[in-house]
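Just so it is clear: in the sequence shown, position 24 is 24 by this note's numbering, and no numbers are missing.
Incorrect hints may appear among the rest.
To be verified - Calculated cross-link-like contacts (lysine-lysine; reagent style BS3-like; alpha-carbon spacing at most 27 Å):
1) K78 <-> K3
2) K3 <-> K17
3) K56 <-> K3
4) K10 <-> K56
5) K74 <-> K56
6) K10 <-> K74
7) K10 <-> K58
8) K78 <-> K58
9) K56 <-> K78
10) K78 <-> K17
11) K74 <-> K58
12) K17 <-> K58
Quick caveat, the hints were computed from the structure, so don't treat them as lab data.
Model, not experiment: these values are computed from the prediction.
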Amino acid sequence: DGKHLRGSGKGKSAQVKLVEVLALHLHTTLAQARAEGREDQALLELLDRLGAEGLKGKVVVGDAGYLYPELAGKVVQKGGRTSLS
Numbered sequence: 001d002g003k004h005l006r007g008s009g010k011g012k013s014a015q016v017k018l019v020e021v022l023a024l025h026l027h028t029t030l031a032q033a034r035a036e037g038r039e040d041q042a043l044l045e046l047l048d049r050l051g052a053e054g055l056k057g058k059v060v061v062g063d064a065g066y067l068y069p070e071l072a073g074k075v076v077q078k079g080g081r082t083s084l085s
C-alpha cells in the first residue's frame with residue numbers, strides 16, 4: 001500500500017509517496033521506492049528488483065489500487081500468487 005510521508009509536501013512541492021514490499025512474517029521491509037505517478041508502476045519496478053526467484057511460493061496482497069492485469073501477471077510470472085481486492 002502506498003503511503004504519503006507526513007511533512008514532505010512543504011510549499012509548492014508535492015508530498016512524497018512511497019510503496020513498499022513487506023515480508024509480514026519477518027516484520028521487515030524488503031524494498032521500497034518513491035511513486036512518482038501510479039503506485040502500481042512503482043511496485044512493478046520493485047518486483048523487478050527482487051529478481052526472478054523473489055516471489056516463488058509467496059502471496060502478494062494489495063488493495064484495489066493494485067488491480068491491474070500487468071501487476072498480477074508480473075507476480076505470477078515470478079512464481080507468486082495474488083490476493084488483490
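Now the hints, each set against the structure:
no.	hint	result
1	K78 <-> K3	holds, 25 Å
2	K3 <-> K17	holds, 5 Å
3	K56 <-> K3	holds, 26 Å
4	K10 <-> K56	violated, 41 Å
5	K74 <-> K56	holds, 12 Å
6	K10 <-> K74	violated, 35 Å
7	K10 <-> K58	violated, 38 Å
8	K78 <-> K58	holds, 10 Å
9	K56 <-> K78	holds, 6 Å
10	K78 <-> K17	holds, 25 Å
11	K74 <-> K58	holds, 13 Å
12	K17 <-> K58	holds, 25 Å
Hint violations for this structure: numbers 4, 6 and 7, all remaining hints satisfied.
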